[in-house]
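S.K.: Below, each chain spelled out in residue letters.
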Amino acid sequence: MILTVDHVTTYSYDTAMGASVQSLRLFPSRFSGQREIDWHVAVEGGIRGGEFRDGAGDKVESWSVRPPVEEVVVTVRGQIETIDTAGVLRGHRELVHPMAYLRETTATWIDEGLSKLAAEAVADCTETLDCAHRLSAAVSEAISYEPGTTDAHTTAAEALAQGKGVCQDHAHALIAVARAHDMPARYVSGYLFATEDGAPHEAAHAWTEIWIEGMGWIGFDAANSCCPDDRYIRLGSGLDANEAAPIRGITQGGSEERLNVTVALEQVQQ
Amino acid sequence: MTEYFNEMFDGDQVRAPYSALDGWTRDMPADLRAMKQAEAEAMFRRIGITFAVYGEGGDPDRLIPFDMFPRVFTQMEWRKLERGIKQRARALNAFLLDVYGRGEIVRAGRIPARLVYQNEAYERAVSGFVPPRGIYSHIVGIDLVRTGRDQFYVLEDNCRTPSGVSYMLENREIMMRMFPQLFRDNRIEPVEGYPEALRRTLASVAPAKCTGEPTIAILTPGHFNSAYYEHSFLADLMGVDLVEGADLFVEGGFCWMRTTEGPQKLDVIYRRLDDAYLDPLCFRPDSMLGVPGLMDVYRSGGVTITSAPGAGVADDKAIYTFVPEMIRFYLGEEPLLENVPTWQCAKEDDLKYVLDKIGELVVKEVHGSGGYGMLVGPKSTKEQIEIFRHKIMEDPDNYIAQPTLALSTTPTFVEEGVAPRHVDLRPYCLVGDKIELMPGGLTRVALTEGSLVVNSSQGGGVKDTWVLAE
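Chains as they are written, first to last, in the numbering used here: chain L, 1 to 270; chain W, 271 to 740.
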């Protein structure tokens, strides 16, 4: 599939602010499921800083905007070819040891509810890949998709307790239950192309990868009860949403920040 | 009754290194001694160096007791130590470069993967990054104790930002001012070269993008930090700026320092700030002490941070056990300095042994420091031991145990005159384009009779440490 992406993130402020610094992880991962055709990332009026590829294989680029800052506009425009790898992250160069993804974070902290879910889901399961599928199914079942019921700081435990959330919550919950079984798991951010039947949601999307010994990292999208295929564009990963965030930024000053995001994905007909 | 090695006396005989000091004390009348002690204290107060060694906390305005009786090593003794310390510093750096790279030592099965990659101090964010010259720990503080004429043990390694070096320099300075004659009569290796050696070391790890003379600064959390005195003292002696996070910003792939003449590009940061606070965009998002975007500049090669973020994974108490293994693995050498035998309560057999012999052992928290959260079995009451036994059983992974070491003693001025007191030693090793060790270090002394705990928060003091020239 060939997809075009048009993604604009705008942070606006009531009063002029001091300098702004952004660390961007907005570049398509390099693996056999993706081939970048054309990709541009920019911060309007900003100064490009250093760039590097980290140990997890993600490209990071930093930008800064000189004061006074009234608005920070981050744009991504690109075209990419995607290939269905059945969720397997094949051909992805990275160095981080999978075990480094067993660490708990606030967002993925395991509580009684999550450990009960984790234990019941894999009660009679012997094979890790099968376990991972079952855990993903259990999370899909336990948390229904309901936008507006959670926010960026909702933890996996909280989302499970209320039984609803968005893709971020599904991803966090699946990470938590996988780690509970000593399976390294991580948060992946990216895009999802919404098909016409309207089933998948959230064009700016997030899912989970679980390490399966002998196979490597496998993607699981509990929010859509499937594994990522050629409708998915993978950007970067981390222990949780905060670490994997496509944009991490700070603008100095006390004014309230308003966020506006538009994401448009389109399929290029061949 | 345990025999303790007395560094000055072998029976009635004065050991060679201390021969010059025998007469010095005997000829010193009590009132002169009291006067000198008061003078030393006044000097310490005047320069403002107060209680804060090794980030132990405590009352920041309390003066750490200074004992005027120097601790002495011969050139021969020191050379042996020096080889061992440098060997260790090389191995620790090789280990850090490896575990943030391919992790060969883990692949080879010489260190359990869990201990490295699940370690709290392991920074995933720097995985794959190779710092200038491949060095992660530029200032290595190795804590040593002596138990016999030729027997030294490494208590712990400090690969992040070992503090206390200002005491090494001030103790010497004050001794030279008070007893100039001692320094005329004895040939003592100088330690005053430390700030310049540190500056050279930092300059030698400037990033590749730096052309010309590198600009260096010390990054401090601020004046409320317990080691702030040391930060400003070292900045002063090196002739570099002392900065806080708010004095720095990033732009265009570099780190800049705000100055009265406009922004100045900074090449090397000697940070005295923990990893977690360095950059809110990479680590703790709520940190106000760091510089937003600094880690991106660092990882793209625009600035060098010393010690490198992530260096802490080498000095963890659980990793410590494996340092001899690192020396064999990376250097193909046998360790010249021994580790203290250590039992890991995380291991079932070790736990059983520790609970069995707890009254004879020293039990420590894996992540503890400063002598807190520690049990010295032979010096504890039954009740204290029972409390610890429960703590260990509740969370065995959090504890290690070691035999109670018979720490050597050196003569120390006490109320009644001169008496032996237990000491340890922290020398400072610099790692840059070359590896250097200052001939000296910080000797800490347990001022309470019989005490084996030298931490300043537990009644410890400091001494000048001499290495005699040949």
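To be clear, the hints were calculated from the coordinates, so they are not data collected in a lab.
A portion of the hints provided could be inaccurate.
[To be verified] Okay, derived cross-link-like pairs now, DSSO-like style, lysine-lysine, Cα gap no bigger than 27 Å in a straight line:
| # | chain 1 | residue 1 | chain 2 | residue 2 |
| --- | --- | --- | --- | --- |
| 1 | W | K652 | W | K627 |
| 2 | W | K649 | W | K535 |
| 3 | L | K59 | W | K479 |
| 4 | W | K627 | W | K649 |
| 5 | L | K59 | W | K535 |
| 6 | W | K652 | W | K617 |
[Stated by the list, open to error] Which stretches of chain W does chain L cover? Using the computed rule of at least three CB atoms under 8 Å from a CB of chain L, they are:
| # | region |
| --- | --- |
| 7 | 486-492 |
| 8 | 544-555 |
Using N, Cα and C, we set each Cβ at its ideal position, and we do this for glycine too.
S.K.: The structure should be examined with respect to each hint, and the outcome stated for every one.
M.R.: Against the structure, the hints:
Only pairs whose Cα atoms come within 27 Å are accepted, and K652 (chain W) paired with K627 (chain W) is accepted, the gap being roughly 13 Å. Among the hinted pairs, K649 (chain W) with K535 (chain W) is inconsistent with the structure: their alpha-carbon atoms are about 54 Å apart, more than 27 Å. Among the hinted pairs, K59 (chain L) with K479 (chain W) is consistent with the structure: their alpha-carbon atoms are about 20 Å apart, no more than 27 Å. Proposed proximity of K627 (chain W) and K649 (chain W) is supported: the alpha carbons are some 14 Å apart, at most 27 Å.
For the hint linking K59 (chain L) to K535 (chain W), the alpha-carbon distance of about 25 Å falls within 27 Å, and the restraint holds. A distance of roughly 25 Å separates the Cα atoms of K652 (chain W) and K617 (chain W); the hinted pair therefore holds under the 27 Å criterion. Figure legend: the region 486-492 of chain W, annotated as covered by chain L; annotation inconsistent (0 residues with Cβ-Cβ distances under 8 Å, at least 3 required). For the region 544-555 of chain W, the stated coverage by chain L is satisfied: 4 residues place a CB nearer than 8 Å to a CB of that chain, which reaches the threshold of 3.
Violated hints for the displayed structure, listed by number in ascending order: 2, 7.
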